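Asks: Sequence:
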Amino acid sequence: MANLKAIRDRIQSVKNTRKITEAMRLVAAAKVRRAQEQVIASRPFADTLAKILYNLEQRLTLEDVDLPLLKKRVVEAEVNNVGILVISGDRGLCGGYNNYVIKRAENRFKELQSTGFNVKLITTGRKATQYFQRRNLPVIQSYIGLDQIPSSKDSSEIADHILSLFLSEELDRVEMIYTRFISLISSRPVVQTILPLDAQKLATEDDELFRLIDVDGTLTVQRQKVQNDFSALPEDMIFEQDPLQILQALLPLYLNNQLLRALQESAASELAARMTAMSNASENASDLMNTLTLSYNKARQAAITQELLEVVAGANAL
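Under our numbering, think of the first position of the sequence shown as 1, with each following residue one higher.
Keep in mind that the hints were calculated from the coordinates and are not lab data. A couple of the hints might just be wrong.
Have a look at the derived ranges for each label pair, beta carbon to beta carbon [claimed, not checked]:
#, residue 1, residue 2, range
1, Q133, A23, 30 to 40 Å
2, K110, D147, 27 to 37 Å
3, K153, T17, 34 to 44 Å
4, S151, R8, 44 to 54 Å
5, K153, L26, 20 to 30 Å
6, A23, Q301, 31 to 41 Å
7, Q245, E111, 36 to 46 Å
As the structure is a prediction and not an experimental result, all values here were calculated from the model. Cβ coordinates follow ideal geometry from the N, Cα and C atoms, glycine included.
Use the sequences and the hints to build the structure in full.
Replies: Dropping the structure here:
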């Protein structure tokens with residue numbers, strides 16, 4: 001009977017675990033939808049901003065202008081200072097999401113260091129911060145406890161710090177490593193240079209939006225290819241301010257927008273990874289419950305049979 005009691009307790013424990021993992025899956029699914037809505041809502045602003053920046057830059061191509069955020073530095077020293085912004089999560093239970101982006105950042109760090117660059121790290125998320133600090137790597141700034149659904153306040157704080165490091169020439173180039181959302185079961189860590197900015201690339205880069213939809217009761221991701229609209233502004237448009245001043249004011253805003261999009265993509269990837277991991281955990285818990293129930297029934301049947309045999313043996317003895 002003690003064996004039966006142990007099996008019953010194990011079944012109840014697995015059942016409670018499945019309730020938790022199923023609840024976490026549903027919460028992650030709801031938050032993925034919120035992240036999707038946030039990306040879609042910010043898209044018109046991002047498109048308009050990119051269009052204005054591109055046209056302003058085209059108007060100033062023939063002029064001798066000095067824009068620090070667009071200037072590619074040629075450093076005479078043997079070692080250039082490169083900053084890597086690593087975007088990870090604060091929590092676990094999301095499969096290999098954090099491990100993939102951390103390993104990608106670690107490999108990039110070693111690659112740059114082996115070619116003679118002086119590399120410094122800026123981390124977001126508790127997982128990347130703890131990983132690199134334990135290995136005594138140069139983490140000059142860390143951001144933890146950010147909202148799971150990123151806001152412009154989060155991105156502006158990071159952007160301001162990176163801008164100050166770049167403009168003070170403490171860093172000559174800043175790269176960002178974040179996780180690009182592909183599907184509910186797939187994401188990919190990517191490297192993007194965010195400083196110095198290159199306005200010319202705005203005309204050639206495509207973008208994608210993702211939409212979480214319900215197909216016959218199953219959540220799936222629908223990807224939509226988006227082509228940036230860089231049609232020229234009217235030639236007779238008159239700016240009240242000097243176009244150079246407008247461009248100088250908009251470039252930091254564009255950097256902030258790029259960081260916000262990266263944070264949103266990473267958050268969506270983390271939530272999708274957690275949703276998948278919790279879904280797999282729930283399925284494994286159901287399989288384990290079936291196996292334990294079968295073992296319980298066998299043990300119970302064996303106990304009943306043993307009791308019947310004892311009754312029969314006692315009756316025969318009489």
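Asks: When the structure is checked against the list of hints, which entries are broken? Sort them ascending.
Replies: Those not satisfied: there are none.
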